[in-house]
Amino acid sequence: MSSHHPGPPDPGQPVLALDVGGTKLAAGVVSPDGTVRSFCQIETAVGEGPAAVLKRLLELGEQALADSGSAGVAAVGVGCGGPLDPRTGVILGPPGLPGWDEVPLGRFVAEHFDVPTYVENDATAAALGEYRWGGWEVRSLVYLTVSTGFGGGVVADGKLFRGAADQGGELGHVVVDWQGRQCGCGARGCAEAYVSGTAIARRAAEAVADRPESSLATLTAITAKDVAEQALAGDPVARAVWDETTAMLGRMVAVLINVCEPELVVLGGGVTRAGAQLLDPVREAALRQAMPPAAAACDVVLSRHGDVVGVLGAAAIGYQRMGER
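Under this note's numbering, think of the first position of the sequence shown as 1, with each following residue one higher.
Hints are not guaranteed to be accurate.
Result set (EDC-like, lysine to aspartate or glutamate): computed pairs, CA atoms no more than 20 Å apart in a straight line [stated by the list, open to error]:
1. Lys159 to Asp307
2. Lys24 to Glu263
3. Lys159 to Asp177
4. Lys24 to Glu43
5. Lys24 to Glu62
6. Lys24 to Asp67
7. Lys225 to Asp307
8. Lys55 to Glu102
9. Lys225 to Glu206
10. Lys55 to Asp67
11. Lys225 to Glu244
12. Lys55 to Glu137
Label-pair ranges, simulated between beta-carbon atoms [to be verified]:
13. Arg251 to Arg325: 40 to 50 Å
14. Arg288 to Gly69: 41 to 51 Å
15. Val175 to Val138: 22 to 32 Å
Source of the hints: derived by calculation from the structure; they are not laboratory data. Bear in mind that the values here come from a model prediction, so they are computed numbers and not experimental data. The beta-carbon is built from N, C-alpha and C at its ideal position, and this holds for glycine as well.
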């Protein structure tokens, strides 16, 4: 999605990157070498509806521009939960953004900033950001974001995998239990219905209903962070939910290693703040269960970028699509 901006964009200039998530909005200005020149984030407050969120997103973008000291940017890259149409920049009703049906996000942003604007699935974008600026020195990787939702992206031999409908790499909707839990996409048993931050919290709340002695029972609203912390502290209910989560994610990663044979699987997103408590069991399970040649060629790691991973991904999309123009 491009605006009416005169002349071609200059890929030597920085880009403004916007990251639209179900919990947080983030913005930053990123240089061609991946240097993040400014970064800011706020709550999404998705319940207020698309118009209010979009207004705050533009304000956040303006703040990121001001903080960066940049004279201007060549383009805007936007990462947002899918499904969406990356060619038109229209958001098509993502489960994590209720009410975002046919929202012309790309046009809205392009008209405000008056530069070419490129929209991509946030997890697909983050995969490209990790490939470009993660410091991994690999040709192929799978990126998984474990946050409010759960999704991913695939870079194969240096190219972002898109698929025939530009929705390829929708890894959150790989089915891990075909008769399992209802997912926001309408199907049953998707990985997102088990291992996203939202799903971890929901499963813990259900488990606690029958176990009032659990330390989680004293909390008014359980989060994935609470589950991780109480599991570490030895609470049996929290530990059972956490162990099931890491076992499921490990199995899922093993399947992806078999299918894609990447050199690297990178885990990012808010839930990965649990660090080794998440990574160690997932890595062990994945490499043990994947086919031996594929497992021997692969490693499972955490993103080094923390909260800025979404902004780096959106920026990577901006630079890539500018180059394709």
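Structure-based check of each hint:
| no. | hint | in the structure |
| --- | --- | --- |
| 1 | Lys159 to Asp307 | 24 Å, violated |
| 2 | Lys24 to Glu263 | 30 Å, violated |
| 3 | Lys159 to Asp177 | 30 Å, violated |
| 4 | Lys24 to Glu43 | 4 Å, holds |
| 5 | Lys24 to Glu62 | 17 Å, holds |
| 6 | Lys24 to Asp67 | 19 Å, holds |
| 7 | Lys225 to Asp307 | 15 Å, holds |
| 8 | Lys55 to Glu102 | 17 Å, holds |
| 9 | Lys225 to Glu206 | 16 Å, holds |
| 10 | Lys55 to Asp67 | 19 Å, holds |
| 11 | Lys225 to Glu244 | 15 Å, holds |
| 12 | Lys55 to Glu137 | 38 Å, violated |
| 13 | Arg251 to Arg325: 40 to 50 Å | 41 Å, holds |
| 14 | Arg288 to Gly69: 41 to 51 Å | 49 Å, holds |
| 15 | Val175 to Val138: 22 to 32 Å | 28 Å, holds |
Hint violations for this structure: numbers 1, 2, 3, 12, all remaining hints satisfied.
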